[in-house]
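The listed protein sequences correspond, in order, to chains A and B.
Numbering-wise (the working numbering), the first sequence opens with residue 62 and increments by one.
Numbering-wise (the working numbering), the second sequence opens with residue 62 and increments by one.
The hints are simulated quantities; they were obtained by calculation from the structure and are not laboratory data.
Treat the numbers as computed from the prediction; the structure is a model and nothing was measured.
Take these hints with a grain of salt, some might be off.
Pairs involving identical chains hold if they fit within one copy or between any two copies, as the list cannot separate such chains.
[Stated by the list, open to error] Derived lysine-lysine pairs resembling DSSO-like cross-links, with alpha carbons at most 30 Å apart:
| id | residue 1 | residue 2 |
| --- | --- | --- |
| 1 | K160 | K350 |
| 2 | K160 | K99 |
| 3 | K92 | K172 |
| 4 | K141 | K160 |
| 5 | K194 | K141 |
| 6 | K141 | K359 |
| 7 | K109 | K172 |
| 8 | K106 | K64 |
| 9 | K172 | K194 |
| 10 | K102 | K360 |
Protein chains: 2
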Amino acid sequence: MMKVYCAIDLGGTKMNIGIMTKNGEVLEHIKIPTFVEKGPKQAIKRMKNTIYELLEKLGLKEESLKGIGIGSPGPLDSEKGIIIKSANLKGWENVEIVKSLAEDFENIPIKLENDGNAAALGEYLFGFGKGSKNFVYITVSTGVGGGAIIDGKLQKGGNSNAFEVGHTIISLNGPKCNCGNYGCLEAYASGTAIGRIAREKLSEGRESLISKIAGEDCVKAEHVFEAAKEGDALAIEIVENEGYYLGIGIYNIIALYNPEKISIGGGVSNGLELFYDKMIETINSMSLKPNIEICNIKKAHRDDCGLVGAGALVFYK
Amino acid sequence: MMKVYCAIDLGGTKMNIGIMTKNGEVLEHIKIPTFVEKGPKQAIKRMKNTIYELLEKLGLKEESLKGIGIGSPGPLDSEKGIIIKSANLKGWENVEIVKSLAEDFENIPIKLENDGNAAALGEYLFGFGKGSKNFVYITVSTGVGGGAIIDGKLQKGGNSNAFEVGHTIISLNGPKCNCGNYGCLEAYASGTAIGRIAREKLSEGRESLISKIAGEDCVKAEHVFEAAKEGDALAIEIVENEGYYLGIGIYNIIALYNPEKISIGGGVSNGLELFYDKMIETINSMSLKPNIEICNIKKAHRDDCGLVGAGALVFYK
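With the rest of the complex left out, here is chain A (with noise of 0.2 Å):
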């Protein structure tokens, strides 16, 4: 019989439910809306059905799903299995998401962890970060997050919320953050943070291609991107100021965890070989030399280490 794992990569706009092996081969997989707004309950029955969806189509018996992994938005608690709140899953609390789900699958373990504890953990398990011992996962997207793989082992913390890089402050009386700070990473460097900055210098009244590009549409990372590839001038310093900060978040990274690789992955990642160099180098000239000449940086070869690394929560030790 085959054994399989059921990974869910849940998320506050969508799901990613797939069924994988344990060498991080996704068998299948299919992504559903969340629909938040319509509460947890409904949602989780989706999950159920779409996993029974999915051994069907694999033409599965149920006795071959051996555990799923849930990642999710925290904060929540893994022990008790528990979603205690999110800013990405408004409305829900509490949510007994593993109860819930053991309701169907009974005696399976299931395992819940912070969704940027299970991409770091996918990515170490089978991307960028396989081979090594301290592993960083650090994901640009919306927001900033990531995880942390310290001397093998997946940095959880006392409740599973370590390493919420993006919420650090890199600058006092910086930019005011979604979560109500100023000056964390992610009000410098995530993809909300390029769009924002771009607006604000077109508003300047900067000439640029960013707007013939983005058109109707509202300025976002993806159009300063396009107008940085095409040479323009203010998208360029935008993006070099990208590299500078992220090179800033990962220079405090290393000094902290001292890492032997590091993999950058989410939708800004895409633009990576546009910032590359400046991050580099904002790393490379504040970083100890020692810890530079162990450490290397590539963009995360997994873009479903979310997904896999959820699944592989259940067979992880």
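Given chain A, put chain B in place with the hints provided.
This is chain B only, laid out in the frame that chain A set:
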């Protein structure tokens, strides 16, 4: 036969050398000057002599000595047992300290570790950290340093240079730090920073007891603390700022490490009651509630955690 361990806390001005048991009891210890300028060879020779002297004083034979642990300023290579170079050990480069000690003390384990990491281990095993699984030690004196225990294990990093918390950036374009970067936590919250800020304020013509207390001396953190205790307005302002800056640094650490306990040691922690409230207020106002609820922050219980932690390197797995 009694089993004992030698602990060496190597610093830029003095070395503290002790003989201890596995329970963290220091049977005897001696502090001698390092005399950095005379070079490592001479220092290691006096280190060896002091170990013999301590054993003799305790009436112990060399066979009782089951290992030697050294905490040293980094960067270093703990695998190879080499101090690479350090701002606090000027002129020392690629010092093979483990090999040199092994010439006299054969067939016993000799371990080298970053001093902040060693101190964290000491406070974890024998101080306030006891019983926790995720613990952080922060020392605030001339500089700011420390170490972390993650899920019961000392975080070393890829080459034992992890947890350089003093050199994480908390403010872009902040004051220049000794390390050459700008806006490090150390440039805001160390004893050195308190002295510098006080001298700046006084040179602006601010009235204060601080100058009277310092007299002919260069104004230092201890003078500021004394003036604050007497109700001096400027001193209280500086001390409150210390609470705020250190609070920011600790907020960042909680966001990343999500620990159950944090100890604050080092000379500046002697004034902790003066800025504890402001520090906690800063941390609480910024942190995720579940992270704060599980986290307990106290003054370090062991003044000598750097010493006992160094010794513990030998037997701690």
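Verification of the supplied hints:
1. K160 <-> K350: between (49 Å within a copy, 23 Å between copies)
2. K160 <-> K99: within (19 Å within a copy, 66 Å between copies)
3. K92 <-> K172: within (20 Å within a copy, 51 Å between copies)
4. K141 <-> K160: within (9 Å within a copy, 49 Å between copies)
5. K194 <-> K141: both (28 Å within a copy, 18 Å between copies)
6. K141 <-> K359: Answer is between; shortest inter-copy Cα gap is 28 Å, intra-copy 35 Å.
7. K109 <-> K172: within (15 Å within a copy, 53 Å between copies)
8. K106 <-> K64: within (24 Å within a copy, 62 Å between copies)
9. K172 <-> K194: both (23 Å within a copy, 20 Å between copies)
10. K102 <-> K360: neither (36 Å within a copy, 45 Å between copies)
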